[in-house]
Amino acid sequence: MRNVEIELERIANRIRMREGFLACLALCSCGAAQAQDHEILLLQPGKQDSAEYDAIEAGLRSEFAKASIDGTRIFGEFVDLDFRQPRDRDIFADYLRAKYGEAGIDAVVALSHDSVSFVTEHRDAVGNVPLVYTARAGFAVGAVPQSSAVVMPFAPSRTVELALLLQPDLANLFVVSGASTWDEADLPALRGALSRYADRLSIEYLTGMTPNDLLDHVARLPSSSAVLYASLGETGTPSRELAEQISSRANAPVYGIHDSDVGRGIVGGFMTKSEQVGAELARQTLRMLRDEYPAVADVPGGSFVVDARALARWGLDQTRLPPYTDISFAPASIWSLYQGWIITLLVLVAVQFALIVTLLIQSISRRRDRLALAETAHRFRLARVAGRVGIWQWDLENDRLIVEPELRELLGYDTVERPNEQWSSRIHEDDLPKLRRAAHDHAQGLTPSFELQYRILDRNGNVRWLLSRGQAMVARNRLIGTAIDITDRKREEDERARTQAQLQEQQTELAHLGRAAMAGALSGAVAHELNQPLSAMMSNARAALQFLARGPADRQEIKDILTDIESDGRRAGEVIGHLRSLLRRGEAQFGTVRLDVIIDQVLRLIHSDLVNLNVKVLHDRAIGIPPISGDSVQLQQVLLNLLGNACDALKSVDPRDRRISIAVSPCASGRVRVSVADNGCGLSGGNAEQLFKPFFTTKRSGLGLGLSISRSIVNAHGGSIWAENNRDAGATFHVELAVETATVAAADRVA
Amino acid sequence: MSEPTVFVVDDDPGVLRAITRLLSFEFVVQPYDSPSPFLDALRPDTPGCILLDLAMPGVSGLDLQARIVEAGCQQPIIFLSGHGSVRTSVQAMRAGAMDFIEKPWENDTLIGTVRRALERDREARSRRDATDSISRRVASLTPRESEVFRHVIAGRLNKQIAARLGTAEKTIKVHRARVMHKMSVRSVAELTRVAEFMGIRPEP
Chain A
1 MRNVEIELER
11 IANRIRMREG
21 FLACLALCSC
31 GAAQAQDHEI
41 LLLQPGKQDS
51 AEYDAIEAGL
61 RSEFAKASID
71 GTRIFGEFVD
81 LDFRQPRDRD
91 IFADYLRAKY
101 GEAGIDAVVA
111 LSHDSVSFVT
121 EHRDAVGNVP
131 LVYTARAGFA
141 VGAVPQSSAV
151 VMPFAPSRTV
161 ELALLLQPDL
171 ANLFVVSGAS
181 TWDEADLPAL
191 RGALSRYADR
201 LSIEYLTGMT
211 PNDLLDHVAR
221 LPSSSAVLYA
231 SLGETGTPSR
241 ELAEQISSRA
251 NAPVYGIHDS
261 DVGRGIVGGF
271 MTKSEQVGAE
281 LARQTLRMLR
291 DEYPAVADVP
301 GGSFVVDARA
311 LARWGLDQTR
321 LPPYTDISFA
331 PASIWSLYQG
341 WIITLLVLVA
351 VQFALIVTLL
361 IQSISRRRDR
371 LALAETAHRF
381 RLARVAGRVG
391 IWQWDLENDR
401 LIVEPELREL
411 LGYDTVERPN
421 EQWSSRIHED
431 DLPKLRRAAH
441 DHAQGLTPSF
451 ELQYRILDRN
461 GNVRWLLSRG
471 QAMVARNRLI
481 GTAIDITDRK
491 REEDERARTQ
501 AQLQEQQTEL
511 AHLGRAAMAG
521 ALSGAVAHEL
531 NQPLSAMMSN
541 ARAALQFLAR
551 GPADRQEIKD
561 ILTDIESDGR
571 RAGEVIGHLR
581 SLLRRGEAQF
591 GTVRLDVIID
601 QVLRLIHSDL
611 VNLNVKVLHD
621 RAIGIPPISG
631 DSVQLQQVLL
641 NLLGNACDAL
651 KSVDPRDRRI
661 SIAVSPCASG
671 RVRVSVADNG
681 CGLSGGNAEQ
691 LFKPFFTTKR
701 SGLGLGLSIS
711 RSIVNAHGGS
721 IWAENNRDAG
731 ATFHVELAVE
741 TATVAAADRV
751 A
Chain B
752 MSEPTVFVVD
762 DDPGVLRAIT
772 RLLSFEFVVQ
782 PYDSPSPFLD
792 ALRPDTPGCI
802 LLDLAMPGVS
812 GLDLQARIVE
822 AGCQQPIIFL
832 SGHGSVRTSV
842 QAMRAGAMDF
852 IEKPWENDTL
862 IGTVRRALER
872 DREARSRRDA
882 TDSISRRVAS
892 LTPRESEVFR
902 HVIAGRLNKQ
912 IAARLGTAEK
922 TIKVHRARVM
932 HKMSVRSVAE
942 LTRVAEFMGI
952 RPEP
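Taken in order, these protein sequences are the chains called A and B. Using our numbering, the letters of the first sequence correspond one by one to residues 1 to 751. Using our numbering, the letters of the second sequence correspond one by one to residues 752 to 955.
Careful: at least some of the hints might be erroneous.
[Stated by the list, open to error] Listing some non-contacts, in silico: residues in chain B with all C-beta distances to chain A over 10 angstroms: (1) 754; (2) 789; (3) 877; (4) 881; (5) 884; (6) 893; (7) 907; (8) 941; (9) 947.
[As the list claims (entries may be wrong)] According to the in silico footprint, chain A covers these stretches of chain B (three or more CB under 8 angstroms from chain A): (10) 764 to 770; (11) 810 to 817; (12) 854 to 861.
[Said to hold, decoys possible] Derived CB-CB ranges, DEER-like: (13) B:925 / A:655: 54 to 62 angstroms; (14) A:576 / B:817: 34 to 42 angstroms; (15) B:794 / A:552: 34 to 42 angstroms; (16) B:794 / A:550: 29 to 37 angstroms; (17) B:890 / A:557: 48 to 56 angstroms; (18) B:787 / A:517: 38 to 46 angstroms; (19) A:557 / B:863: 21 to 29 angstroms; (20) B:787 / A:666: 27 to 35 angstroms; (21) B:794 / A:549: 28 to 36 angstroms; (22) B:953 / A:655: 42 to 50 angstroms; (23) A:557 / B:817: 33 to 41 angstroms; (24) A:620 / B:890: 51 to 59 angstroms; (25) B:787 / A:552: 38 to 46 angstroms.
I should point out that these hints are in silico values taken from the structure, not numbers from a laboratory. The C-beta atom is built at its ideal place from N, Cα and C for all residues, glycine as well.
Take the sequences, apply the hints, and build the full model.
Put into structure tokens, the structure is as follows:
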């Protein structure tokens with residue numbers, strides 16, 4: 001009695017726990033549910049390891065949820081299979097009646113054989129509501145009123161198919177069927193299902209053996225064997241442990257037919273998922289609640305399921321598996337399990353590798369740099385010695401000049417020897433301030449570089465010229481630079497400059513002489529220029545006198561006359577000034593010169609000569625000739641010379657046909673060309689160039705210097721002068737001169 | 752008869768003004784600062800003289816002289832020259848220039864030269880007038896009368912002329928009377944002088 005009480009209390013506890021859990025689940029899934037449409041009682045075997053039944057229950061719930069039956073409430077009860085006495089079942093029935101009787105629930109789902117038999121017996125305890133239960137294919141379903149069975153597929157033959165696929169040499173099949181009543185009931189169906197393989201396989205049924213005998217037996221199976229574990233083990237020995245034990249002990253692969261056995265060491269088999277069973281149960285329940293009374297419903301499908309670990313253990317080829325086989329426990333799971341870790345690790349490794357490579361490269365390049373630096377230093381020293389380049393440093397802050405060995409050698413000292421006084425005091429007193437200013441300007445960033453030529457006393461007290469170039473270092477108060485001995489170069493430059501100056505002087509003198517000679521020749525022309533205003537003045541003066549002599553003179557008339565006299569006097573003065581400037585001795589004075597103006601001045605100067613010779617001058621005035629830069633007097637001299645030569649050349653021509661044409665035209669690259677053409681006797685001899693040689697002359701009177709001087713003048717203007725014979729008659733002299741730079745720049749800007 | 756005019760051509764306006772002023776006290780002066788308007792204004796029958804600057808741009812003095820002569824104008828030309836070169840002067844004189852005046856000129860020289868030039872123009876003009884009237888008379892002679900004229904001044908008698916020309920003495924006598932009448936002379940001596948003046952040669 002005491003036992004019964006204890007037992008009852010245990011049951012009650014479990015019920016309470018279970019109910020609370022389910023209610024909780026239902027609440028969670030329904031939320032703020034409206035009317036609770038259905039209430040279902042789920043009866044499960046209590047003693048079983050609940051994995052399979054949990055899966056069925058989950059399937060059931062999710063199907064109900066899918067069917068959108070709001071508020072379907074599932075109550076669960078365990079029907080213990082080990083009720084010791086028939087009274088226990090009655091007590092349980094009373095309990096159910098008390099709890100669910102009187103239309104408390106709408107349907108009962110029973111999951112095990114015992115549950116079904118219990119409900120069949122105590123149908124009234126659950127209020128005679130529809131019953132849905134699981135049944136096994138091939139298992140006789142008793143006539144239970146107002147009930148419906150969900151038939152779970154029973155296809156052991158398909159598992160044998162799998163075994164044959166994986167083990168093509170399979171010869172012996174050992175079928176393990178448990179000792180339970182279910183197993184016993186299953187056995188004929190099993191035999192029937194496997195009978196078709198009788199000709200291919202030797203099939204042995206291991207039934208009615210104790211677990212130990214069974215395990216011993218499977219450990220000593222012949223080769224080319226396989227075990228089919230087909231026990232339900234619903235009663236007696238827990239089948240799950242058995243499956244594990246058999247799988248570990250057997251010396252041949254073990255196959256199964258229940259998905260709950262997968263993961264316990266069996267290779268796999270053709271199985272129905274427990275969730276599908278649950279779902280079908282739910283669907284069948286709903287059908288019954290809609291007053292449809294199908295007797296049975298089959299659980300559709302089933303699939304091949306294998307355990308990858310077991311496959312590996314037996315060395316079975318995965319590629320032999322039928323399509324759509326569900327492979328559990330595949331090794332890839334390592335990746336999926338530790339993906340984050342693996343990625344982190346890989347990244348770490350990569351980063352570390354990159355670091356190592358970088359350090360390695362740095363180290364190599366540093367080594368290379370070191371070598372290159374050494375080589376550069378060596379080369380540098382070679383270059384310094386070969387080029388006689390010295391290095392100096394100047395600490396501007398402390399005004400300290402550091403002279404490096406090569407430079408000391410340049411100045412006649414030993415590499416270690418120094419002068420008694422500071423180095424800076426050996427620099428020429430005129431150059432030292434310049435040096436300082438340049439150094440400070442550069443140090444303050446006013447100049448991009450430091451470069452200066454200066455004099456310094458060498459060891460023997462001789463003046464040497466150095467060319468120093470420097471650069472401010474790091475801080476702007478230190479200069480470092482090179483020094484080259486340019487004493488020889490400087491001496492040559494001086495020499496050259498002196499020679500140049502002498503040459504220039506001689507040339508100036510020559511040009512002056514040339515002009516003087518020309519002025520002599522021009523005296524007639526000058527006389528004409530002076531005669532014009534002088535004549536006018538004379539006549540005007542006489543006219544004024546006569547006006548006055550005639551009596552009271554017209555003041556306006558007298559005023560006009562005097563104004564004319566004054567302007568003519570000025571004109572005469574200008575002629576004299578022009579003549580004086582032509583005869584001026586001295587250096588060229590460059591300025592802006594308009595060639596047309598110069599040509600006009602020259603033509604006026606030789607006007608009378610041209611008239612006397614009856615030479616017609618055509619001055620072609622081009623528009624827009626830019627001014628040039630030059631000395632107007634010297635350029636007049638050149639033109640005078642050219643026109644004089646042209647006149648001379650025309651003396652052999654009929655006076656009525658003497659022509660000179662002057663053309664000014666722009667030519668390429670910022671130059672202007674003046675061409676003086678005549679139709680005279682032309683140039684005799686082939687070489688027009690010899691005309692420009694000094695003392696070359698074709699005239700009876702003449703020094704032969706005119707063109708030579710002209711050329712030196714034009715050259716000094718950066719221009720060129722040359723001569724050529726015309727195609728028809730006479731010769732043309734061309735002078736090309738550079739346009740004034742400002743004009744060129746302006747033209748460039750416009751362009 | 753219009754007043755004798757002094758035509759002055761000089762491209763130098765100062766000089767042109769001065770000359771005009773000076774000469775205007777005594778003469779009628781027409782100043783021109785370039786040759787073209789001067790050439791347009793000049794007529795052969797205008798009495799006067801021409802003062803030309805020898806050195807002008809475009810048309811030289813010598814060219815202008817040639818154009819004046821071409822136009823049939825015979826007014827005396829005085830050249831004003833800066834410093835006359837011998838060659839130019841010779842050319843100019845050859846072409847009929849009357850005188851050269853060098854700049855700077857003495858005013859009296861200039862005025863005197865112009866005066867002389869106008870005098871010469873006047874003389875030449877009256878001589879040309881005389882020549883013109885004789886020429887007209889000569890032109891009025893018939894061919895036969897011209898023939899008779901040349902025989903008469905050769906000193907031949909009417910009879911001789913008639914024999915030469917194969918006609919009657921009487922006819923010659925009539926011709927001779929007509930020639931004497933047309934030429935407005937009273938004696939053979941006078942006729943001979945006219946012939947000399949006109950450059951008519953006696954019939955050999």
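These are the hints, each one checked on the structure:
| no. | hint | in the structure |
| --- | --- | --- |
| 1 | 754 | 20 angstroms, holds |
| 2 | 789 | 18 angstroms, holds |
| 3 | 877 | 31 angstroms, holds |
| 4 | 881 | 36 angstroms, holds |
| 5 | 884 | 39 angstroms, holds |
| 6 | 893 | 45 angstroms, holds |
| 7 | 907 | 50 angstroms, holds |
| 8 | 941 | 47 angstroms, holds |
| 9 | 947 | 38 angstroms, holds |
| 10 | 764 to 770 | holds (count 5) |
| 11 | 810 to 817 | holds (count 3) |
| 12 | 854 to 861 | holds (count 6) |
| 13 | B:925 / A:655: 54 to 62 angstroms | 58 angstroms, holds |
| 14 | A:576 / B:817: 34 to 42 angstroms | 36 angstroms, holds |
| 15 | B:794 / A:552: 34 to 42 angstroms | 38 angstroms, holds |
| 16 | B:794 / A:550: 29 to 37 angstroms | 32 angstroms, holds |
| 17 | B:890 / A:557: 48 to 56 angstroms | 52 angstroms, holds |
| 18 | B:787 / A:517: 38 to 46 angstroms | 39 angstroms, holds |
| 19 | A:557 / B:863: 21 to 29 angstroms | 24 angstroms, holds |
| 20 | B:787 / A:666: 27 to 35 angstroms | 34 angstroms, holds |
| 21 | B:794 / A:549: 28 to 36 angstroms | 35 angstroms, holds |
| 22 | B:953 / A:655: 42 to 50 angstroms | 43 angstroms, holds |
| 23 | A:557 / B:817: 33 to 41 angstroms | 37 angstroms, holds |
| 24 | A:620 / B:890: 51 to 59 angstroms | 54 angstroms, holds |
| 25 | B:787 / A:552: 38 to 46 angstroms | 40 angstroms, holds |
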